[in-house]
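**Q** Read off the chains here:
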Amino acid sequence: MKKQLIQLEINDLIYEVPVNPRDLLVDVLRKKVGLTGTKKGCGQGDCGACTVLIDGAPVLSCITLAVACQGKKITTIEGLADAQGNLHPIQQSFMDHGAVQCGFCTPGMVLTAKALLDRDPSPTETEIKRSIAGNICRCTGYKKIVEAIAAAGATSKVEVQ
Amino acid sequence: MFLDHFEYYAPATAAEAFALAGRLGEGARVLAGGTDLLLMMKDKLIKPCYLVDINGVKEFQGINYEAGKGAVIGAAVRISEIEHSPLIRDKYYALWQAAGELGSVQVRSMATIGGNSCHASPAAETPPPLAALGATVVIAGAAGKRELSLEDFILGNRQTALKEGELLTGFILPEPAPRSASRYAYIGLRDAMEIDAVNMAVNLVLDEDRLTVKNLKLVMGSVAPRPLISAAVPKLLTGRKFEPMLLEQVAAAAAGEAKPISDIRASAEYRREMVAVLARRLLQEAFDAAREV
Amino acid sequence: MNRRFTQVGRSVPRVDAPAKLKGEAIYTGDMVLPGMAYGKIKRSIYAHALIKNIDYSKALALPGVLAVITGDEAPNKWGIVPQTANEVALAVGKVRFHGEGVAAVAAIDEETAEAALDLIDVEYEPLPVILDPFESMKRASEVCIHEDAPENILHAAEQLFGDPDKAFESCAYILEKEFHTSYVNHAFLEPHTALASFDRQSGKLQLWSSTQVPHYLHRQLSIVLEMPMSKIRVTVPAVGGGFGGKGEASSADFCAALLSRKIGKPVKMTFERSEVFATNKGRHPCHMKMKIGLDKDGYIQAVDFDNTLDGGAYAGWGMVVMFYTASMIHLPYKVPNARARVRRVYTNKPTCGAMRGLGGVQPRFAMECLLDEMAEIVGISPYELKMKNAIESGYRSVSNLYVPHTEYKKCLQTAVEKSGYLDKHGKLPFGKGIGLAGGYYISGTAYTLYQAYKPHTTVLIRVDTEGGVTLHCAAADIGQGCNTVMAQMAAEALGVHFEDVHVVSGDTELGTFDLGSFASRLTYAAGAAILEAAAEINKKLKEVAAGMLGCRADQLEIKDRRFYSIFESRKAIDWEKVVDVYTNTVGTLTGIGHFSPPRLKGIDLSRGVRVQGANIGHSPTFGFSSQIWEVDVDLETGKIRAEKVTEAGDCGQPVNPMSVDGQVEGSIMFVMGQALYEEMKLGPDGRMLNASLHDYKVPTAMELPEIDTTIVDSYDPTAPFGVKESGEGPVQPTIPAIVNAVYDAIGVRFTELPITPEKVLKALKEKKA
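Protein chains in written order, with my numbering: chain Z, 1 to 161; chain X, 1001 to 1293; chain V, 2001 to 2769.
No lab work stands behind these hints, which were simulated from the structure alone.
Note that this is a predicted model, so its numbers are computed, not measured.
Keep in mind that the hints are not guaranteed to be accurate.
Quick list of in silico lysine-lysine cross-link-like pairs, DSS-like style, CA-CA up to 30 Å [as the list claims (entries may be wrong)]:
id, chain 1, residue 1, chain 2, residue 2
1, V, 2094, X, 1259
2, V, 2204, X, 1259
3, V, 2759, X, 1044
4, X, 1044, V, 2765
5, Z, 32, X, 1259
6, Z, 32, X, 1044
7, Z, 72, X, 1069
8, V, 2058, X, 1259
9, X, 1047, V, 2058
10, Z, 31, V, 2204
11, Z, 31, V, 2058
12, Z, 73, X, 1042
13, Z, 3, X, 1047
14, X, 1044, V, 2639
15, X, 1044, Z, 2
16, X, 1058, Z, 3
17, X, 1042, Z, 32
18, V, 2058, Z, 32
The following block holds chain Z by itself, in its conformation from the complex (with noise of 0.2 Å):
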C-alpha cells in the first residue's frame, strides 16, 4: 500500500511523515519522527506508558491512528520542558519527591498528571489516585508520584489552556 504524506503538529512543531492508515501513533512518534520519550509497555491500552496529549486529553497513542491525529495538538513527554530545557514544574516535584525509578512510565505518567492539572490545578488525594489510575507502575507503589502532583498543583504556575 503507498504511503501518504501527513502533517502532525507535535509540540507546537509541524512534521510531514510518510504514513499508511494501518500505522499507529505510537510508532509514528518513535520510529518515523524519532520522539522516543513516549514508550510501548504493552500495546494493548492497559499500562498508559504510551500516553501523549492531544488537544490536552490524555489519550493511547498506541490504540490511535496516526492518521486521525491531523489538524490536532499532539504533546509528548519531549514538549514538556521549556525552551531552555528547564523542567516543567511536574517534572520538577517527580525529581524532588523521589518519583521516578526505573522512569518507563515517567512519560505517560507525568503528561496523564499536567492533563489533571490543567484542568484543576488543587485536586485532591482521590481525585489525583482517579487520573493516574490508567498509568500502571510497578516500581514506586504510587505513593511519590501521588505526593509530587499535590505537590506541583499547589506550587506550581500551570497555565491552564
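Starting from the known structure of chain Z, fit chains X and V onto it as the hints suggest.
**A** Positioned in the frame of chain Z, the structure of chains X and V alone reads:
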C-alpha cells in the same frame, strides 16, 4: 502488534458518512474512539477493509438539552464529556456514574457513548444506565432515520440491530420524571480499569407521597449476552411503599433473573450473588435520592 | 541517624531522573543503529509437543525478510544455574510450554517480521499436557518433560538440623497447616528487548539488552553462540524494571544475536506483552506444609517444612529458589531444630524463576500466618510471640547463617507503636481487621552460581584533573538507583561531593566485573569494593598532600573536597590541587577494590551436598522489615480494601533515604497485588487465558492504601557504610500481614492466594453455616 492494511475515510458531514457506509458495505467499520475496534483489529478478530472515521462529523457531537423534552447526545460524544457534564450529572445521574467508571482517564478521553453501545460487549458500562433511563437510539443511513429503544438496539454479545449502511447517530434521553433518581454501580476486582464482573443501573420514580414506587426500571449488565431488563423487580415494587423489608425479596428476584456465565473474571454463582447485593444497594440509594428531588 | 556521613544518607535526586522525566533516557527499544533490522519470534501453540517439521520457505520468500533461524542452529543449552542448564535459544525437537519460541525472523521492519511469522509452518505432534506438579510427579513414567529427569523433578533435597521429631514430642503447642501460593509475574513495564550488532570483520558482537545481569548474559551468549567472551560486549541502557525477571537471559537476547550474526547487520527484538508472560520466570507457586512446635512458654522448638515448587517447563533459577525456601525458615526467629524437604517439579507452563524476594515470600507467608494462629492458641498477642522468638545481633542459626546485626525487634516495636496495633487487634468491628507480620532478606549474597573464586564485584575508580572522579563498574541500574548510591558512597569514601562522581556502569567492556543486580546484593557489594578502591586512592593522595602541607600523611582527613590535618586545622588544602600535583608528578590516579563475601567451607553446590550449614541463604548481612496492615472487608461482596500499612524497616544505614522509601513503598504495592489480585490463569491446554495487563490485574493507583514507613535507626558495623538491603526485605511481610488482618476482620484464615472476593464470600458463608 500491528494492524492489517485498510483504507481510511474521514467524512466531514453526516451525509458523507451515510454515503460511505452505504457504498462500502460490510467491509467497513466505523471508527469513533477506537478503544475496542483497534484492539479487535490488533488481535485479528476482525479485518475491515475500510475504516470510516466519524469523529469529524459535527452532527454526531454535542449534548443538547431542552427542558421538558429531554436530552440528545451525539453518538460520537466522548465518555469524558459525559463525565464532566453538569447536565448529565444533574439529570441522568446513573449515566454520569457509569461514564466516570469506564476504563481510565485516557480511555474516557477516547471512547464514545455510541461506540460503547455499538460494540455491545455484555460488560459495557453505559448501556445499562441508558436503558434504565429509557434511552432511545437514533439510527440513520442513506435510506432514512429510525429510532429504537436501547434494549431493542443491543441484541446480544457484540450484536446490534444496525443494518448494513446504517450508523448510530445519537441517543435521546427523555426528560426525567418528577421525584425520580437513577443510580449505577459495578463489581470488579480493582477500583479502576475494570471489565466489570457485574454492573447494574436503576431508575426509580416515586409517587407524590414520596414513599410509593410509581415506576421502576432495573437493568443488569454482564449477566446475560445483552443488558437484562428486570421484569420481576418492577412487578414486586410498583405501586407499593418502598420498605427495606421488601429489598431482600426484590434482590432475590433480580438474582433469579440473571443468566450469568463463569469466566476468568468471576464465576456465575458469584455474579448472581452480586446481582442481589447491587440490587439492594442501588434501589436504596435511588430511593433515598428520589425523596430529596 | 547519620553517623557523621555527608554524602551517604542524603536524599539526593537520582542522577538519571532528569533524562527519564524529559523522555531522553535511552532504553534498548529506543535505540536505532544504521542498517538495523527487526526480529520476531514464532511461538508454540502447544504446551507440550514434539516438533516434527518447520518449513519457513514461504517466510524467507516474503519481501523484506532477511533471515529465519530455528533451534537446531544454536542447540547449546544455557541456564543461569550452570549445573542445571537445560534451556535453549529456540526449541530443539520439542516444546514444553505454550508460547515457547520455535523460530525467529529478521526483517527490514517490524510489520514484515510479524507478517513473516504467519508464513512459518510448524508441524507438531502434541503430547499430554501436565499443569499440576503433583500430577507431574505421579504421571512421570508416562509423561516425561525432560529426558534427563525421569521423575519430572529438577531437584529434591532434605535438610536436617538438630532433632525436630524429638523436639516436637516435648512441645506444648504444635500446629501444622498447608499453604498454597499463586502463579504470578513481575509485570515490569518495559518488555524484554535486545539489540545485537555483530561485526563480520572483527568477529565481535555487541548486545544492548534490558537485563539485570550483564555478566551472566555475557557468559550465556558465549555458550549459545560458541564465541569467546572476549569477543562479546554487553551494554545495559536504561532498563524499565526487572524485579528478577530479567535476571538471567531471554530468547530475545539469543535470537537477536544469532540473527545479527547471520545477516551481518544489527537486529533489534522487542517482546509483546503476551511474550513477556510466555517468558515468565516469575514466582514459583509453592505447595507447602509447615509445622511449628512451641514450648509451654511460647519459644519455638522445631520447624518442619515441606515444599513442592511448581517450576514450569525449564530449570532457570529453580534450584536456587528451592534451596532458598528451605533456608528461609531459619530466620528471623530462633529455631533450634529444623527439617526441610523440598522439591522443584517440572510442568508444562511458562517457567518460573526469580522474583523479588525470591524463595522468601512463600515460606514467610506460611510461617508468619502459622505463628499468628499459634499466638492465639497460646493466648498471647502475635506481637509478643514474635518478640519472644526474634533473633538479635550476632545470632548464628543452626544452619550456619550468621546475622552480624539486626534491629528486627525494633522494627516490630516501631510498627506496633505507630499503628496502635495492640489497641486494635481483636477489638475492631466485624469486617475491619489489623494484622502483623515480619520478614527479612539476604544482602550481599554468597554464591556466584558457577564454580569461581573471583570477587563478586570489582570497582575501578579513576581520578584525574579533567574528569574528576569516574567510577567504573559493570553493575546494572535497573531503576533501583544503584548508579546514584554508588556515586554517593564513592563521594563519601573519597571526601568529595556526590555531584563530582561520574558513574560508568552497565557495560562489560567499560566497567569492571559485577555479578548482577539480584538478591539485593549490589549496594553492599559495591560499597565494599568502593571502600577498598577509595582507600588506595586516598593513601596515594594523602602522601602528596602531606608533602604539600608539611605534616604526616596519617594525620590527614579528607572531607568536603579538602584535605586537612586533624591536629593543625590551618594545614588544609583543596582536593583538586592535590590531584593536580599527583597527576603531574606520578601520573593517572586509580584505585581498584574487590568484594568477596565470606565463604563457608565444605559446600558443594553442584551436588547439593551439605557439609555444614544450608547451601543457600548465606550472605554477609541481612535486612529486616515489619508490616502492619489494616483492612476493611465488604461483607456483601467479599472485596478486601487495604486501608493502611504501617511499615518499619532495618536497612542499616540508608545511603539514600528517599530512595529507600521508594523501594519500600514499591515493594508493598508489588506484593499486595499477589495477595489480592494477581494470578496467571491457564486453560486445560496450557494456554494462558489472561496474558494481558487487562486481565492480569496489577494494582493501580486507586488501590493505594495509606502507607506509613519508617527507616529504623540502624547501622551494621560489619557492612560498608553500615548498609544493608532495602528492596526485597519489605516484600516479605506483606502477604502474611494482609492474611492475618483478614483473619482479624472476619475470623477466616486463608491459606491459598490470591484472596479474591469470591473466596472471601464463600468462606463467610461456610463460617455462618
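**Q** With reference to the structure, classify each hint as holding or not holding.
**A** Against the structure, the hints:
no., hint, result
1, V:2094 to X:1259, "violated, 43 Å"
2, V:2204 to X:1259, "violated, 63 Å"
3, V:2759 to X:1044, "violated, 35 Å"
4, X:1044 to V:2765, "violated, 43 Å"
5, Z:32 to X:1259, "violated, 49 Å"
6, Z:32 to X:1044, "holds, 25 Å"
7, Z:72 to X:1069, "violated, 35 Å"
8, V:2058 to X:1259, "violated, 47 Å"
9, X:1047 to V:2058, "holds, 22 Å"
10, Z:31 to V:2204, "holds, 27 Å"
11, Z:31 to V:2058, "holds, 28 Å"
12, Z:73 to X:1042, "holds, 26 Å"
13, Z:3 to X:1047, "holds, 19 Å"
14, X:1044 to V:2639, "violated, 35 Å"
15, X:1044 to Z:2, "holds, 22 Å"
16, X:1058 to Z:3, "holds, 28 Å"
17, X:1042 to Z:32, "holds, 20 Å"
18, V:2058 to Z:32, "holds, 29 Å"
The structure is inconsistent with the numbered hints 1, 2, 3, 4, 5, 7, 8 and 14, although it conforms to all the rest.
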